[in-house]
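Taken in order, these protein sequences are the chains called L and F. Quick note on the numbering used here: the first sequence kicks off at 1 and runs consecutively. Quick note on the numbering used here: the second sequence kicks off at 1 and runs consecutively.
If you're looking for bench data, these hints aren't it; they were derived computationally from the structure. One thing to keep in mind: the hints can contain errors.
Unchecked claim - If we take Cβ atoms under 10 angstroms as the criterion, some of the chain F residues that face chain L in the derived model are:
#, residue
1, E48
2, Q50
3, S624
4, A625
5, L633
Everything numeric in this text was worked out from a predicted model, so none of it was measured. The beta-carbon is built from N, C-alpha and C at its ideal position, and this holds for glycine as well.
Here is what each chain is made of, one letter per residue.
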Amino acid sequence: MTVTIAKEKWAGKVVEMVIGQGPNAIKVGGENTLPFLRFEGEIPNEPVVALEVWDTEPPDWPDVLASAFDGVMGDPVAWAMRCVDYGADLVCLRLAGAHPDNKDASPAEAAATARAVAGAVNIPLMVIGCGIDEKDAEVLPAAGEALAGKNALLGCATINNYKAVTTACVLHGHSVIATSPLDINLAKQLNILINEMDLPINRIAMDPLVGALGYGIEYAYSIMERTRLGALTGDKMLAMPVVCFVGQETWKSREAKTADSDEWGAQAHRAVLWEVITATSLVQAGGSVLVLRHPESMKQLKNHITAMIKEAGGK
Amino acid sequence: MRFFPGGRQVVIGEYESLIKAMTKANIPIVASCGGEGVCSRCKVLIKEGQVKSLSTGKLTGEEQEQGYVLACRSFPESHLVVEVSEESKLGVHQVVLGEGGGNLKGRADGSKPGDSILSGSNGLCAGGSGVPLFRKLCLVMPEPDINDSEDDLGRLVRVIRSVTGIKHLQTNLDVLRTLPQVLRQSGWKVTVSLTGDGRYQAVEITEVEPGHTAGQYYGLAVDIGTTSVVAQLVDLENGRVVGIKGTYNKQAAFGDDVISRIIFASEGGLGELQKAIVDTINELIEELAKEQKIKPVDIRAVVCAGNTTMSHLFLGIDPTFIRIEPYTPATNSIPAVRAGHAGLNTHPLALIRCLPGIGSYVGGDITAGVLITGMAFSGKLTLFIDIGTNGEIVLGNQEWLISCACSAGPAFEGGGLRHGMRAMRGAIEHIKIASGGADVEYKTVGGAPPVGICGSGLIDCVAGLYRAGIIDRGGNFITAGSTPRLRESIEGMEFVVSWSGESGGRVDITISEAEVKNLIRSKAAVYAGIRCMLQTVGLPAEAIDRIIIAGGFGQYINVRDAVNIGLLPDVPVEKYSYVGNSSVKGAQTALISGRAWEEIDEIIHKMTYMELSAGSTFMDEFVSALFIPHTDLNLFPSAQS
Numbered sequence: 001m002t003v004t005i006a007k008e009k010w011a012g013k014v015v016e017m018v019i020g021q022g023p024n025a026i027k028v029g030g031e032n033t034l035p036f037l038r039f040e041g042e043i044p045n046e047p048v049v050a051l052e053v054w055d056t057e058p059p060d061w062p063d064v065l066a067s068a069f070d071g072v073m074g075d076p077v078a079w080a081m082r083c084v085d086y087g088a089d090l091v092c093l094r095l096a097g098a099h100p101d102n103k104d105a106s107p108a109e110a111a112a113t114a115r116a117v118a119g120a121v122n123i124p125l126m127v128i129g130c131g132i133d134e135k136d137a138e139v140l141p142a143a144g145e146a147l148a149g150k151n152a153l154l155g156c157a158t159i160n161n162y163k164a165v166t167t168a169c170v171l172h173g174h175s176v177i178a179t180s181p182l183d184i185n186l187a188k189q190l191n192i193l194i195n196e197m198d199l200p201i202n203r204i205a206m207d208p209l210v211g212a213l214g215y216g217i218e219y220a221y222s223i224m225e226r227t228r229l230g231a232l233t234g235d236k237m238l239a240m241p242v243v244c245f246v247g248q249e250t251w252k253s254r255e256a257k258t259a260d261s262d263e264w265g266a267q268a269h270r271a272v273l274w275e276v277i278t279a280t281s282l283v284q285a286g287g288s289v290l291v292l293r294h295p296e297s298m299k300q301l302k303n304h305i306t307a308m309i310k311e312a313g314g315k
Numbered sequence: 001m002r003f004f005p006g007g008r009q010v011v012i013g014e015y016e017s018l019i020k021a022m023t024k025a026n027i028p029i030v031a032s033c034g035g036e037g038v039c040s041r042c043k044v045l046i047k048e049g050q051v052k053s054l055s056t057g058k059l060t061g062e063e064q065e066q067g068y069v070l071a072c073r074s075f076p077e078s079h080l081v082v083e084v085s086e087e088s089k090l091g092v093h094q095v096v097l098g099e100g101g102g103n104l105k106g107r108a109d110g111s112k113p114g115d116s117i118l119s120g121s122n123g124l125c126a127g128g129s130g131v132p133l134f135r136k137l138c139l140v141m142p143e144p145d146i147n148d149s150e151d152d153l154g155r156l157v158r159v160i161r162s163v164t165g166i167k168h169l170q171t172n173l174d175v176l177r178t179l180p181q182v183l184r185q186s187g188w189k190v191t192v193s194l195t196g197d198g199r200y201q202a203v204e205i206t207e208v209e210p211g212h213t214a215g216q217y218y219g220l221a222v223d224i225g226t227t228s229v230v231a232q233l234v235d236l237e238n239g240r241v242v243g244i245k246g247t248y249n250k251q252a253a254f255g256d257d258v259i260s261r262i263i264f265a266s267e268g269g270l271g272e273l274q275k276a277i278v279d280t281i282n283e284l285i286e287e288l289a290k291e292q293k294i295k296p297v298d299i300r301a302v303v304c305a306g307n308t309t310m311s312h313l314f315l316g317i318d319p320t321f322i323r324i325e326p327y328t329p330a331t332n333s334i335p336a337v338r339a340g341h342a343g344l345n346t347h348p349l350a351l352i353r354c355l356p357g358i359g360s361y362v363g364g365d366i367t368a369g370v371l372i373t374g375m376a377f378s379g380k381l382t383l384f385i386d387i388g389t390n391g392e393i394v395l396g397n398q399e400w401l402i403s404c405a406c407s408a409g410p411a412f413e414g415g416g417l418r419h420g421m422r423a424m425r426g427a428i429e430h431i432k433i434a435s436g437g438a439d440v441e442y443k444t445v446g447g448a449p450p451v452g453i454c455g456s457g458l459i460d461c462v463a464g465l466y467r468a469g470i471i472d473r474g475g476n477f478i479t480a481g482s483t484p485r486l487r488e489s490i491e492g493m494e495f496v497v498s499w500s501g502e503s504g505g506r507v508d509i510t511i512s513e514a515e516v517k518n519l520i521r522s523k524a525a526v527y528a529g530i531r532c533m534l535q536t537v538g539l540p541a542e543a544i545d546r547i548i549i550a551g552g553f554g555q556y557i558n559v560r561d562a563v564n565i566g567l568l569p570d571v572p573v574e575k576y577s578y579v580g581n582s583s584v585k586g587a588q589t590a591l592i593s594g595r596a597w598e599e600i601d602e603i604i605h606k607m608t609y610m611e612l613s614a615g616s617t618f619m620d621e622f623v624s625a626l627f628i629p630h631t632d633l634n635l636f637p638s639a640q641s
């Protein structure tokens, strides 16, 4: 007896977003099916991986992570070039130095850093603020202006500062990352508010504020799944590609930070696995841009994505 | 201590707060937080003497310098002279007495909302086999002789039975003790008082009077609202309403909402709360009696409709576990009690019946509403919404009923808002805001100088602020390109609706960002409750045949505006109607119609109570409704145009 393959007929699709410009531009999104289910729809673009670069030396990265960027962590330009060498699809520049408790770097300094990094690498750029809404409302527009026309991905816009960040994206030709705390409705509301400021939906990416493995990943997973199902069933305000800040969450976990132990095994192995498993799970849930920290994690994640795409019948 | 204005004096101990003193002196005061020292509504001015204050809440430095203190957190240290400002006093606000709608905008047809299956048959003991709560019978009894030597009580029962058909009759010792003399002295011509509990065939002979003295006897229908109390005096001989009075619930001195009152009761305040509501009802009885020139003792039956908490507090039943998971009241169905026992100033043997509810937050007032709308016996799918503090919603038809309480809060009744007020003289009831917010046009109740904003005005205001581009869909003020009306205050950004001096108003009337968000939460709770119920039964909003709005605020609502902000579902305006105070109407029906009690039994049996705090559906719906009009804009096609 022949088995009829059950195929879902989806009415909607994830919008396709272009990041970067010219020959170096990459595309994400565009799927009209669930992750890797190519037999019932199109997957024009694979998930992409970014590595983080900080404008200031991170104070508390464990050795297993910091050693991968030995000698470049004080220099964002050199650090970004190292990321290109490792094979990152994008560089995610984090303006941590703008934090009032850190260096409280000025918008002008932030802009200079962004310009320098952009000038040194030939892959698209994400620029992330320090996480303080008011400060990001100043530094992100400045960085956006410095990168005018480069079609970067600026973030993160929250319900409190989306107007300033969105305006910068509209003025200088960038896309925005809209952040909301693990709630499908809040995510959708922010998308509507941003879209109503005349930024088209193919220039909005969603950040659901994922949790790492063991620290709330299941909430992120189901929210992302609902987002994808929303997009596929025709909800335009959920049809945006999803960005997951995996490295930022993973390297906060005790499992990634604790040294070798009999109970948990070798840290180097365990920490990378923690990041890889978080990322691969979120790829299954529909993540499009995975922001990691460790190059080894990135390598393993890319292998996984390639294998999954091949399994699904190649491009 | 002495109070101004009014000059009332009262003696208190040093451990009694000023708010307690004011309760003693019968000066009504606003204490939204239940005396926790956080709402700052019970502000009073110390003119003479010393007090010790535990906290100052949100009083400004300037106010403290002038001598203002919080009455709930202040204790006397000497003789005192205290001034109570108008804004701290509970005003005698307009109470929706029970008349039907009529001013609900948008009702196109001439239909009368609240047409009940009972209307037209509201006579005593109308239809069915039920018995009224109280009635008098004038009897002429056959005298006993040697061939008919039945005992006196048996003879009386036999006659009553032959007249009324009632099978089971009981009596009490007082009646028995005097029965032989009364029967004989009156020449076997007596007037008998029969008291039933409405639902069963058990009726008591409570009094036997000589001669035919029926005279007048009355019943009382009471709506015990969290905020307002309404009483109707009903002539039980013909079922006609002869008088109606309403006032605020004196329990408001101990908290605005049921939760703060339950907490107050659990902490030893049950007696005070009971006294407050009994006093409130007794005052209404006194006024009605005076106006109708009757004696309170002529009131022989009482039916109360209130939410579950109100019913508990009225009878002094411990309400503690109503608010503690899994939310179990002492009883949903309170047995009949004697007025004398409950402290009501009526005939001491008068029966009090509280209409039964079905859950902690869906009580007898909602049963009353379902009863008088007739929705439980109609083929039309009806949505019944009580837009009040508790926000009860019932959905269903003759086959099924489902209900929930969505805790909308008192915002639409003006509670918790600095310039919020009930729809009384001077309340801004309609507002038009020009694009950009530079110009504001408004209309006040009675055309009086503006003193605050009532529910309909608040709905207009939120809709207007959004349309004018002053707030975004999330209720955040957009500061860029602002007008002088948008300004910074100690509690964040605020928008000036009316300047002091304008149209004779004495203060700037404002609405703050926090207040806009408070209103959005209230409207979201109501809409989310509706969505949850529709989801549970798997029906779209389009399936609803009619939407009946009850509650004090519903009278003034503009359905179009309410749909525009996402408070009510976007269905044709013609489907909406306003029923008025359905709680007191239901109580009145139950007072005069025995059959009503059979219907109530059926309603209670049919109705399912949905606990919104269980599961994630309500929270999900709530968050998606925290937007103007809604996160899913497709649910509001007409608001988009």
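We went through each hint and held it up to the structure:
1. E48: Since the shortest Cβ distance to chain L is 48 angstroms, the answer is violated.
2. Q50: violated (45 angstroms)
3. S624: Holds, about 4 angstroms.
4. A625: holds (8 angstroms)
5. L633: holds (7 angstroms)
Violated hints, listed in ascending order, are 1, 2; each of the other numbered hints is respected by the structure.
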